[in-house]
Amino acid sequence: MVHTIKRTLKEYGRGIIGGLIFSLPLIYTMEVWWAGFIAPPGYLLSAILVTFLLLLGYNRYAGMRKDSTFWEVCWDSVEEIGLAFIVSFLFLLLIDRINFEMSLDEIAGKVIVESMIVAIGISIGTAQLGQNDDDDDDDSGMDGDSKEGENAENGLIKTMILSICGAVLFASSVAPTEEILMIAVEAQTAHLLLMVFLSLILSSIILYFSDFKGSKTKDIGIKKMILHISIGYVIALAVSFAFLLFFGRTDGNSFEIVLAQMIVLALPGTIGASAGRLLIDGK
Amino acid sequence: MSKEKEKSKHNILEKISFAFGIIVLVALVSYLLFQFTERNGHPPQLVITTAYQPKMKNYTFKVEVENKGDQTAEQANIQLDLYQNGEIAESGSINMNYVPVKSKETSWIVFYVEPKPNDSLVISSVTFVQP
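If you read the protein sequences in the order shown, they are chains P and X. Sequential numbering of the first sequence, starting at 1, is according to the numbering used here. Sequential numbering of the second sequence, starting at 1, is according to the numbering used here.
Errors might be hidden in some of the hints.
Said to hold, decoys possible - So the derived list for chain X, only partly shown, Cβ under 7 Å to chain P, looks like this:
hint, residue
1, N11
2, L13
3, L25
4, F36
Hints are computed from structural coordinates only; laboratory data are not their basis. Just so it is clear, CB atoms sit at the ideal spot from N, CA and C, and this is done for glycine as well.
Please construct the entire structure, taking both the sequences and the accompanying hints into account.
Written out as structure tokens, the structure is:
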């Protein structure tokens, strides 16, 4: 069925609002603007590739249309990247962070870095910020009927992809800042151990002990619980490392400092991988 | 399902957005690949030009800093000395957080001595950090 223009405009509106909700802190952060012209072209290419894969994953497992084929998922992801590019470009222009006296390298770098998080926000906003109406019969990321038949392996892949998206969204707002390095450098071993402990405790509370929206509270064995919490934490650490690498926080730093930064950044990352994951799933 | 049938599910606005998305993706990836192969990893190379601004108040020079290297320069500091009659009459420095690759940053330096015919502005040092 062909969607009406009105409905498409509503979806885009939701998507743009979602993109802004998740990315405004980054659009207003100078370290992110700087990353746009400091990051080597290879890193920017990787950012585009990783973002596109995350969009495919999100649209496949929690996107708006339940009857999506792979082609549809690709279509939605490309649309979201295009929208994200326009939103980022216009917003950076609005706050005078780009202008036409700058080199193309600088403009492109800044827009690419900002638009990647905006794209994920647009995807989530389109899928989760809407409400059902008569015109939306075939929508339904929120109903999740199609998910009933999914097998355990699919469920695990979905959990992991949504956890990565959640960790990326939550960690991205602080990852580029100098404060992560400052906290990591000044933290004692005891502080770092407590951060690891707190990350795991928060994750378990969110997923199993607080009746959080979409969380599982029944029939979960201790082994499975530990497995899920560990996977979430490993994802948060991996996402943290990727951000540190991208923003040049690993260059010239010893293994201990990089590890300390990963632990510091994994705290918000873990909240994203657990609470964020449940929220963006929208079930 | 054939691609044709899939395409028919989309309205004109969605088709335009999709086409725009494809163009953006292809353009960005091509541009970055071009940069990736073109850049040789040369360190920042700052080219500084100064120009007296007779129309501005006081004794003002416009200072343009262009980075012709392949990497961004961080914490750039440019020391400028104004010479009058063979001696330094006044000095000043300009600091810039970053000078991105292939970009030109513009700044101004104002001196308070009276201009004389044979004055010369000399760049005495340029320092920067490679991020």
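Hint status (Cβ of X/N11 to nearest Cβ of chain P, threshold 7 Å): Hint on X/N11: holds, closest Cβ of chain P at ~5 Å, below 7 Å.
Going by Cβ atoms only, is X/F36 closer than 7 Å to chain P? holds (4 Å)
Does X/L25 pass the interface check with chain P, least Cβ-Cβ distance below 7 Å? It holds, given that the least Cβ distance between X/L25 and chain P is near 6 Å, below 7 Å.
Under 7 Å, Cβ to Cβ, is where X/L13 needs to be relative to chain P, so tell me if that hint holds or is violated. Status holds, d = 5 Å.
Violation of the numbered hints given earlier is absent; every hint is satisfied by the structure.
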